[in-house]
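Top to bottom, those sequences are chains F and X. Counting in my numbering, the final residue of the first sequence is number 439, and the numbers go up one at a time with none missing. Counting in my numbering, the final residue of the second sequence is number 261, and the numbers go up one at a time with none missing.
Keep in mind that a hint or two might mislead.
Here are some chain X residues the structure puts well away from chain F; computed CB gaps all over 12 Å [claimed, not checked]:
no., residue
1, I42
2, Q160
3, L182
Straight-line distance between alpha carbons at most 30 Å, and here's what the computed DSSO-like set of lysine-lysine pairs gives [said to hold, decoys possible]:
no., chain 1, residue 1, chain 2, residue 2
4, X, K63, F, K32
5, X, K70, F, K32
6, F, K168, F, K81
7, F, K36, X, K124
8, X, K159, F, K36
9, X, K63, F, K437
10, X, K247, F, K437
11, F, K36, F, K140
12, F, K263, F, K243
13, F, K235, X, K176
14, F, K168, F, K280
15, X, K247, F, K429
16, X, K115, X, K70
17, X, K63, F, K429
18, F, K235, F, K97
19, X, K229, X, K247
20, X, K176, F, K46
21, F, K81, F, K97
22, X, K63, X, K99
23, F, K429, X, K168
24, F, K437, X, K156
Cβ-Cβ distance ranges computed for the label pairs, FRET-style [said to hold, decoys possible]:
no., chain 1, residue 1, chain 2, residue 2, range
25, F, I378, X, R52, 53 to 59 Å
26, F, V421, X, G81, 36 to 42 Å
27, X, E242, F, K46, 45 to 51 Å
28, X, E57, F, M338, 26 to 32 Å
29, F, A438, X, E164, 28 to 34 Å
30, F, I378, X, S214, 53 to 59 Å
31, F, K46, X, A155, 26 to 32 Å
32, X, N136, F, N77, 55 to 61 Å
33, X, Q45, F, K32, 39 to 45 Å
The set of hints was computed from the structure by calculation and includes no laboratory data. All values reported here derive from a predicted model rather than from experimental measurement. Glycine included, every Cβ here is placed at the ideal spot set by N, Cα and C.
Below, each chain spelled out in residue letters.
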Amino acid sequence: MLKNYFKIAIAVLRRRKFFTFISLFGISFTLTILLVLTAFIDKVVGDNYPDKKRDRSLYVSRVSQTGKNTMSSSPPSFYFLDHYVRTIKTPITIAISSGFNGTNTYVNNKKIAVNYKYTNSEYWEVLEYDFLEGKAFSKQQVANSDKVAIISADMKKEYFGDVPNVVGQYIEADNVKYRVIGVVQNVPITSYMTYSDIYLPYTVAKDGDYKNNKGYQGGYYGILLANSASDLDKLHNEYEQMIQRLKPEQKEFDRVSSHADNYIRSYVDTGDDRHSGVFIVVTAISIFAFILMILPTLNLVNINITRIMERSSEIGVRKAFGASSSTLVYQFIVENIILTLLGGVIGVILSFIVLQVINSAHLIANLELSINFMVLFIGLLVCLVFGLISGVYPAWRMSKLNVVTALKAQ
Amino acid sequence: MIRLQNIEKVYRTDTVETLALNKVNLDVAKGEFLSIMGPSGCGKSTLLNIIGLLDEPSKGEIRIDDQKTENLSDKQLAQFRNSKLGFIFQSYHLINDLQVLDNVELPLLYRNTTAKERKQLATEALAKVGLSNRIKHFPTQLSGGQKQRVAIARAIVGRPEIILADEPTGNLDSAMGNEIMDILLQLNKNDGTTIVMVTHDENMAHKTHRLVRLFDGSQVQ
Ligand SMILES: Nc1ncnc2c1ncn2[C@@H]1O[C@H](COP(=O)(O)OP(=O)(O)OP(=O)(O)O)[C@@H](O)[C@H]1O
Ligand SMILES: [Mg+2]
Chain F
30 MLKNYFKIAI
40 AVLRRRKFFT
50 FISLFGISFT
60 LTILLVLTAF
70 IDKVVGDNYP
80 DKKRDRSLYV
90 SRVSQTGKNT
100 MSSSPPSFYF
110 LDHYVRTIKT
120 PITIAISSGF
130 NGTNTYVNNK
140 KIAVNYKYTN
150 SEYWEVLEYD
160 FLEGKAFSKQ
170 QVANSDKVAI
180 ISADMKKEYF
190 GDVPNVVGQY
200 IEADNVKYRV
210 IGVVQNVPIT
220 SYMTYSDIYL
230 PYTVAKDGDY
240 KNNKGYQGGY
250 YGILLANSAS
260 DLDKLHNEYE
270 QMIQRLKPEQ
280 KEFDRVSSHA
290 DNYIRSYVDT
300 GDDRHSGVFI
310 VVTAISIFAF
320 ILMILPTLNL
330 VNINITRIME
340 RSSEIGVRKA
350 FGASSSTLVY
360 QFIVENIILT
370 LLGGVIGVIL
380 SFIVLQVINS
390 AHLIANLELS
400 INFMVLFIGL
410 LVCLVFGLIS
420 GVYPAWRMSK
430 LNVVTALKAQ
Chain X
41 MIRLQNIEKV
51 YRTDTVETLA
61 LNKVNLDVAK
71 GEFLSIMGPS
81 GCGKSTLLNI
91 IGLLDEPSKG
101 EIRIDDQKTE
111 NLSDKQLAQF
121 RNSKLGFIFQ
131 SYHLINDLQV
141 LDNVELPLLY
151 RNTTAKERKQ
161 LATEALAKVG
171 LSNRIKHFPT
181 QLSGGQKQRV
191 AIARAIVGRP
201 EIILADEPTG
211 NLDSAMGNEI
221 MDILLQLNKN
231 DGTTIVMVTH
241 DENMAHKTHR
251 LVRLFDGSQV
261 Q
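Chain X extracted, bound-state conformation (with noise of 0.2 Å):
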């Protein structure tokens, strides 16, 4: 599903030279919930945008679905994310001026549907996180882990093959953070959902199906 080959990173501020990804090579599966653990700064969050093609590797090649995604342009790349991918944020990135519905309904605006379908879809999805009740609340009413529920909602409207989720916990206490990982392993059991989650807790990356490890920007298993 997802194939990393040879991934570099180098940052280059004008002082320093950061090399944030060394040589990665990844294959993630079909169905796969994988986890990727590492001490801060080694390079997960820029990894995972490498993944979700928010951030162009310096060296190296990404297949998603079989698919080289160098040369994709702009309009390309938006198609492309929005038709395969579902992104989740440690900090949520609601948008603020929107209900929640709204929020949910985002990535279908970007494709063709009507207002009836999307609001089917979004009401849908919310209901699979267990928030049909907040359907007209804005963000700042929410708690923290309703927050990171509607982020979910909106990651899965649009039926992506893979979601990516960069510290989905990281803000939660242990309940709100188990009861989020709870939906993201039935959604990977129930509907098939490729997976590929940060995280700093072992006993949530237990849960999943592989851990992989980063030190430094390189891959220690």
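In isolation and in its complexed conformation, chain F is listed as follows (with noise of 0.2 Å):
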């Protein structure tokens, strides 16, 4: 019975060679967004390397300040961070650091483009990077501004090319000379707090902002690490408060908000506090993943509908050789799944191929995207359903088909 669904279901696919293709397109190109979408928000959020202990950490990314008609909103300050933050009593550490800097640096004259950032010595026992040789700066180098710098796997490649070890040599950036005292695994810059070519002592940076600016707003990072993921909540409410406390700098701003969030809320934080950020992305993307899958289904409804009325001959010979309407609505779902299946291990197949490119042609720096098994488990589960909603409706219209009316119409 099966076997003679999918001689027919094969058949009229390969008469329909148009249609065909337009479904299969649409359903295996849906897929393929969806599953390259997935695997990118798998990564950014889902990937906690270097920030290994996500599940006792805070971030603060935002600073705002609002008045009547203004508004002003950037990263925390570094004495934002050392000094009003370090208020609070639950026991952290804060990891801080400048968010990522461009510049160029020469090898044998050849340009090179490199990221930098500053960071505390904290921030390497808050954030677990992977050394591949080497060590973290320590407190005392923080506080003696020694021009030492923790780099990348793949700066140390292109900087010194492919050499064993580098602990000790020097690298120039912005016109200076630092030691390299580490070398970690490389972060994608999609986590764009972690990320970064060349770490540096927050005391060596020239603007010296990190001492000047007594302001709230800056452009720092901060990461605070509590003992243990009960103490959250008591530090979450403790930010609050120390928040509410603070008064806005200037006259035309009548309230500060900031906030100390888990890694998601933080990551998609828009500075506005009405509309919380995760709402915002959730709602969007919901929408967005509707809309990319209601359109391949009415379209299918659609050409089903025309694939079935053209086969009304066959309907009517099925039926008076003995199909009843039941069985002839599951003929047509089985003969759908089959085209939507189709197109789904197309879409996985197009998937991984978009995959690879993307990951070969190193779009993103250092963002190595895969597959998600459980995304795409429920990918193939929604062209299953698609299968159905966009056969059932069809089938159930050509049951309800008189024989002999089916089979006048030629």
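Got two chains here, separate frames each, mind docking them using the hints?
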């Protein structure tokens, strides 16, 4: 029985090449977008290198001041993190790092673009970078403003070439020579709080912003590491209270806001308190996914109606020779599921190719995307549901067809 | 075998009401070969469809094998048609996407059979109509006469007691038509299959046991 359905499904698909192409394209394309998108989200949100202690960390990425008609929002200043946040009583370690800045450096007269960022020494305790060689800079080295650098594996390769060890050698960035003391595994640029090519002690920063800027706003990120996950709620509340006590820096502002949030919330923080970033992102993704899925479904329903009605003679014959309406509905749904699963398989293959291309083209620094097998599974399940939905209505309409009418319509 | 009592069929469209069948009474005995004749539009196909339970009468009662048929559900009807009836149509109605063998196997799909049994029975049926060498062909690769023979094989593969044929030779030349007619006569004689056939051809009609004439929906003979 099933083999027979399979035969006829394939025959029908082959006969109506254009429609087959359109429906297969719709399904596989949708699935590809879904898989690539989730591979991306998965990587950005799910990959926890180097902040492996996310479950007991809160992130501070933004300070906003709002007035009636004006608003100012940016990452916090070093002073803000080092001075105000430190007043919190819950025991924490604060990792402070600047955003990454771009500059150029030269190797054998070849220009290469590098990103560097400043960190404190606690940064290396809070975050668990994999050191390929050497080690992090110490509190003492930071206090001494030592010109030392930790570089990424890619940076090492680009600057020094394929050599086994570079610790002790010097790297030049922004016209200053730094002694390399460690090499760490790469971080993708999408982890914007931890990505960089070169990491330097904050005390070597030429602009001196870390000591001169006594305002709330600046260009640093903070990661607050609590001793245990159960401290997070308390820490979060204490942070909120601390913020509430802060006075706006200028008259036109009437409110200061900033949050110490878990990773995902802080990642999508818009700086606007009324609409949380998570809400906006989740809504946007849901609407997008919904539209993405509803279109091929409608398309398929439509195609299926034409496809099935064209086969009214077949329906009449099958009924005359003993197929009940429900048997026919079953047949057409099976046919449709075969079609959608075929589309699903093509979609998966397509996704693999697309991800391979994205990975090998290095579109985004250090980002290695891979298919999320959970999503793959869900995607194929969604295909199955597509198959059902888009098959049920046409099949139901067809099964209502009167045999004599079906046989007459040629 | 088949008993029709006071069958009426009215077709209603927006503007007109057509009385396609008017008080038709008909008894067909087991093993009988009956032909139905009449001018175009007199209701022959309508009558045959009602006998084949493909259409419902507006009034009247049909019994097949002494069994009332009016209250059967869709599933029961399907099963009834599958086990008792075989259809042959003027325009063959083969499924073009399927090979000859798969076309012939079709009625067996709707009963409990294994693939092996189906293949065996379908091959036998095709041998009966002399088409053993066309098993792997598609319907579009066959002549009209060959298509009708495939259709006959499909009608007989499930060994139904009754075969209903609506102008089975209508699209064929007389030589082909005679071949088809011979197959039907053999079937009736050797297997005792009851056959009801609509035809326009007097010669064919006279080869059957009995002839019923319809005129404007009424039985005249
Ligand atoms: N679905 C329908 N709706 C309305 N009228 C119909 C329908 N089917 C048949 N009729 C009418 O019923 C009458 C009988 O039709 P039927 O098809 O039974 O004729 P027939 O004897 O088989 O003719 P032919 O020899 O041309 O095949 C005709 O007048 C036809 O117009
Ligand atoms: Mg007719």
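Here is what the structure says about each hint:
1. I42: Correct as stated: the minimum Cβ-Cβ distance to chain F is 17 Å, above 12 Å.
2. Q160: Check passes; 16 Å lies beyond 12 Å.
3. L182: holds, 16 Å
4. X:K63 - F:K32: Status violated; Cα separation ~46 Å.
5. X:K70 - F:K32: Given that 30 Å is the threshold and the Cα spacing comes to 37 Å, the pair is violated.
6. F:K168 - F:K81: This hinted pair holds, its Cα atoms lying about 22 Å apart.
7. F:K36 - X:K124: holds, 27 Å
8. X:K159 - F:K36: holds, 15 Å
9. X:K63 - F:K437: holds, 25 Å
10. X:K247 - F:K437: Cα-Cα ~29 Å, so holds.
11. F:K36 - F:K140: violated, 62 Å
12. F:K263 - F:K243: holds, 27 Å
13. F:K235 - X:K176: violated, 84 Å
14. F:K168 - F:K280: Between K168 (chain F) and K280 (chain F) the Cα gap is close to 38 Å, so the pair fails against 30 Å, i.e. violated.
15. X:K247 - F:K429: violated, 39 Å
16. X:K115 - X:K70: The given pair, whose Cα atoms are some 25 Å apart, holds under the 30 Å limit.
17. X:K63 - F:K429: holds, 29 Å
18. F:K235 - F:K97: Violated, at roughly 36 Å.
19. X:K229 - X:K247: Distance ~12 Å between K229 (chain X) and K247 (chain X) Cα, so the pair holds.
20. X:K176 - F:K46: Distance ~23 Å between K176 (chain X) and K46 (chain F) Cα, so the pair holds.
21. F:K81 - F:K97: Judged against 30 Å, a Cα distance of about 40 Å means the pair is violated.
22. X:K63 - X:K99: holds, 9 Å
23. F:K429 - X:K168: violated, 35 Å
24. F:K437 - X:K156: This hinted pair is violated, its Cα atoms lying about 33 Å apart.
25. F:I378 - X:R52: 53 to 59 Å: With Cβ atoms ~55 Å apart, the hint holds.
26. F:V421 - X:G81: 36 to 42 Å: 39 Å Cβ-Cβ, so the 36 to 42 Å window holds.
27. X:E242 - F:K46: 45 to 51 Å: holds, 48 Å
28. X:E57 - F:M338: 26 to 32 Å: holds, 28 Å
29. F:A438 - X:E164: 28 to 34 Å: holds, 33 Å
30. F:I378 - X:S214: 53 to 59 Å: Check passed, 58 Å falls within 53 to 59 Å.
31. F:K46 - X:A155: 26 to 32 Å: For K46 (chain F) and A155 (chain X) the Cβ distance comes to about 29 Å; the hint holds.
32. X:N136 - F:N77: 55 to 61 Å: holds, 58 Å
33. X:Q45 - F:K32: 39 to 45 Å: Once the Cβ atoms are compared, 44 Å apart, the range 39 to 45 Å for K32 (chain F) and Q45 (chain X) holds.
Checked against the numbered hints listed earlier, the structure breaks hints 4, 5, 11, 13, 14, 15, 18, 21, 23, 24; every other hint is satisfied.
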